[in-house]
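Chains as they are written, first to last, in the working numbering: chain S, 1 to 549; chain B, 550 to 1246.
No wet-lab data here; the hints were simulated from the structure.
Here chain S is said to cover these stretches of chain B; the calculated rule only asks that three of the stretch's residues, wherever they fall, bring their Cβ under 8 Å from a Cβ of chain S:
hint : segment
1    : 633-645
2    : 650-663
3    : 742-751
4    : 887-899
5    : 979-986
6    : 989-996
7    : 1131-1139
A virtual CB, placed ideally from N, CA and C, is assigned to each residue, including glycine.
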Amino acid sequence: MSQTQIDPIRLGVLWQRTVFLMDEVAQTLIQTSFSSVIRENFDFACVLFDAKGRLMAQSSVSIPAFCGTVQKTLRYLLADFPSETLSPGDVLLTNDPDAGTGHLNDLTFAMPIFRGGDIVGYAANVAHQTDIGGAVSPLAREIFEEGLQIPPVKILADWHDNRDVFAFLRRNVRDPAGTLGDVRAQIAALDTQRRKTLALLDEQGLDSLDDLADQIIERSAEAMRRKIRELLPDGVYDAEAFTDGFEDPLRLKLRITVKDGEVICDYTGSSPQIDKPVNCVLNYTRAYTAYAFKCLLDPELPNNDGSFDPIKVIAPEGSIVNPRPPAAVWSRHITGTYLPSVVFGALSGVLPDRVIADCGSPSWGAYFQAKTERGSRLFLYFMAGGHGGRPGLDGPSCLSFPTNVQNTSVEETENALPVLVCEKELLPDTGGPGHQRGGLGQRVTFEVQQEGVSVAFRHERVRFAPRGFLGGMDGARGANLLNGEPVPAKSRLNLRRGDRLTFLTPGGGGMGDPTERSRADLAQDVRNGYVDQDSAAKYYGYHGEEQGR
Amino acid sequence: MNNLDLGIDIGGTFTDIMLMDLEGGERLKHKVLTTPRQPDLAVVEGVRELLARTGVDPHRIRRVIHGTTLVTNAIIERRGARTALVTSAGFRDILEIAREFRYDIYDLNQELPTPLVPRYLRREVKERVAPGGRVISPLDETAVRTVARELAAEGVEATAVCLLHSFERPEHEARLRDVLEEELPGHTVALSSEVVPELGEYERMSTTVANAYVQGLVRSYLGRLAASLKEMGIPGRLFLMLSDGGICTVDTASRFPIRLIESGPAGGAMAATWIGDAAQRQDIVAFDMGGTTAKTCIVAKGTPLIAKRFEAARVYRFKRGSGLPLKIPVIDMVEIGAGGGSIARVDDMGVLRVGPQSSSSEPGPACYGRGGEDPTVTDADLLLGYLDPAYFLGGEMALDVEAARRAISEKIAKPLGLDVIHAAWGIHETVNESMASSASVHALERGESLAHYAMVAFGGAGPVHAYQVARKLKVAEIICPPAAGVLSAFGLLAAPVSFQFSRSRPVPLPGADAVEIGAIFDHMEEEGRALLAEAGVALDAVTFARTCAVRYVGQGYDVEVPVRPGKVDEETMRLLRASFEQRYLELYGRTVSEAAVLAVTWRVTASGPAPAAVQHGVVQVADTARLFAQREIYVPEEDGMRMCPVYRREDLLPGATFNGPAVVEEKESTIILSGEGRATVDGDGNVVVRLVGGGAV
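Looking at chain S on its own, in the form it has when it is part of the complex (with noise of 0.2 Å):
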């Protein structure tokens, strides 16, 4: 360790510094972004890398597909782009799904930061673009039917735009002024990591970054593998579980080694990968498996290089959490965002007062698309289901898990969209009975007001319900209904005026067992609807008022 250059004070302040430096860059790119996807739901990841390619610091603000993933993305890029050829100016690009964040919809640009003739570190940022081009399509057999694909190029050289990129760009999306304008947004936030960068080097009176990202890293995965010794005993464990699929389940296998703050988290034996768009790439794979520990170990614990260092993600190539090119992944979140509950499965006898039940989630979607005078206009309506069971806590009602997506309002969506919302109501009795019962799934009604109306969704939880933990129960599974009737999960639609869209989002898992539930809380339960009458006798033996007061 060079500790003699960085005394601890001086650490902390500039540890702080750096982190701080990404939030006021991510503030940047909130701000010029013009994708809700980015401004509301903070779908992107803003980083800064030391000269030696190391990511030290990530913007707070972000969602957990980004939990040690652009450190692949920079590394595919300079394997192209040498750092030996780089000028000042020089902007790198490439949406590749394998080296970055798993769908193509994800665009990773990287800029490096030169002082003097020296490359001190490098800027990037990831985004979600809403149109990359493409079907957008729940059926989509290979990532050729997916939008386009972008190989690592360099869309800036020495500050001067590479025409030829941005023609390509253009003529391949529907709406090149947003995708275009958040391109822009990106290379302008990168250009400002740079400026406040080198500020914070002057400022400080520093040479390089090294030394700092050198502290950063090596006490950070210290830290992380002291947490590993301290809360997981050596050993084995493994889980498995099942997602919905299409024609078949598919099966997500997954072995657990502990060994001396280490932690080697393999999925072989999980379900090839199919002709789908649900295979999730292995960077993807490991976000969420990494994530799935920051959250069970330590959640203050810095998104660096370092943090993740001791937890090793390994899968079969070919396999639906690591397929090989042309597999169609539009929709990885499907598989990847069960991967934190196959985690907590895993572990749930040694962390049985940390992890939580199954929730209802991936989380549900539905894709509208009208007919109006300015041609079509697509709508995103999301509704969440239950949340699992926790330690000590209930699970929530209809809350965003392991994603992080608000609702749009009744009001909004009804001045959006020629429909009308019937009703949007907690769905009674769908949480996992258990000690800490799971939270409640909703019913949301939509009635078509003209034609021209469609429809898109790929729901998942409609097979298998969502688990309960260490005695807690299953929580409810999802329904889609047409006019009453149910429809496949994943299912595009087209509507007649009048027509009645129903969703049922699953419940959450229970945690513990029920029987063990206060008799207050079940009192509350009754009373307020939660449970009716005779599950309340059925799962948790709890006849009424008079052992509840």
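Here the structure of chain S is known, so what remains is to put chain B in place on it, guided by the hints.
Chain B alone, transformed into the frame defined by chain S:
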């Protein structure tokens, strides 16, 4: 003999009372302990004592202005009325479903705020209005009567009503209230179409519920207080401080009590504005550092920035998204867990962290000698020589230097391998870094740059930390007002009578019907005129500021832009669109020519005249500062302790100047210049510090 204004600010510990002669500038102040259960008791006692002590004739008091934490405390402590909610059929759970968003993505055990109305008291009635106000199904009045009887049987005291799209057609809500009042005489009813007639059912519902929840409490409290003031022979009217820095009458406050939620903190921000104004500074960053938190507020062009939304009763005080959302105008402040009592620790990474955990007042910092063992910011400030152990709170409380040294040595210096002074400096520096960071991110969010700002520093720890925080922010001037401890009460007296009205009516630009929008403004301005007339403001003194929240179709974010006064016509609408694009360009660097523009919410703020700040300008009474003592303080540039002059605030006359490093002591705080800088005392008694090498002024 001039008239006097009386300011009453009720805080958690103290109730501050200030009498001020606005023309002459004479100020009399008093402090009593707050009586949390029945806050009016302390007020009455304090006012009596102040009048008795000073011999002031109560008949001279022309206005009484009150800032209160009653509303915020009632919601935090859940002491409001037993409240029900009535919604359109199918939507009673909106209050609980909320936004489906986690405020922390890594914390699996985050608790969400519990709604103020439990599910069994949330009722639905059949009725439905579509966007634009078209009635799809009429209100089922029989169902309303049934609901009313059920609620009566549940012993409900107040009911909030929130129907979909009611801001476009308030008739159903109004009829619902009539029926409820017929069935339940004396019952409190709050309508969403009156409390916050704006698009977005969840936030509107949450705000209306909170309003109903505290309405009874506020009404009876204000009634008692007004009666007591009368009894004391005070003829002046009672006004209440609103969260956005305006004041309103008892009647308005009783109708919209939720607007009082930030009544207390608003006083501090208004005081900073006033002090800045008197010092001829229009752009101010107000920096208020107390025992557990630091608050910053940006005052741009003489007006505090206003936010459109506030969160009450956060589960985690410093986590955005963990509270109950309220859609009300409120002075925009950021608060972080950094105060004198903030605890320093070495974290898992072996790095020093300060806060947000606080030792509070019990046991307090180690140096309080009340059994606290954790090192805090106050302990560090003491070891650095920034506090005088014999003159804390003017000497009322002796500080234990050895206890501070022990705590810092054991818990910080040893684990980090530092000597105790450098460990203490580390604590000071780290907490300053956090405060500067939060202030600059806040400024960035609001599209402001602090480089040409002046800082007004107050609160017990504010002036101790202001110098280094200002340097980090590159602010060039610090203003430390005297009597920082009763600043909020002072701020109450600086506020104009005002009230903001709003109404959502989403219309495209171009394409909006100017006549319809004109009618919306006319209606709100008429209400404003009536409200202000009732508060005693002369008709010709009322001013209106119109704005509109505008967005690109498909975006969830609004940009607030001004609407020109006068008759609303096609030109008004064209200018509105142009100013939207102008402001969008300023904020985000570009416009989106392809996207359609939607004007969503129309707002009017009706204001009376603000009391003018008395500007003393440059007054030269003394040119040198009288030295009180010397002591060693830590000066970072010299990396060590250095003997520095110590002044007493009461010895510093207008015109006095001195150079940093230096210390100014007063009862309530200590001003620390831990480096170069030139300080001058101005005509108002402010110590104004010009930093060397600060930002451009």
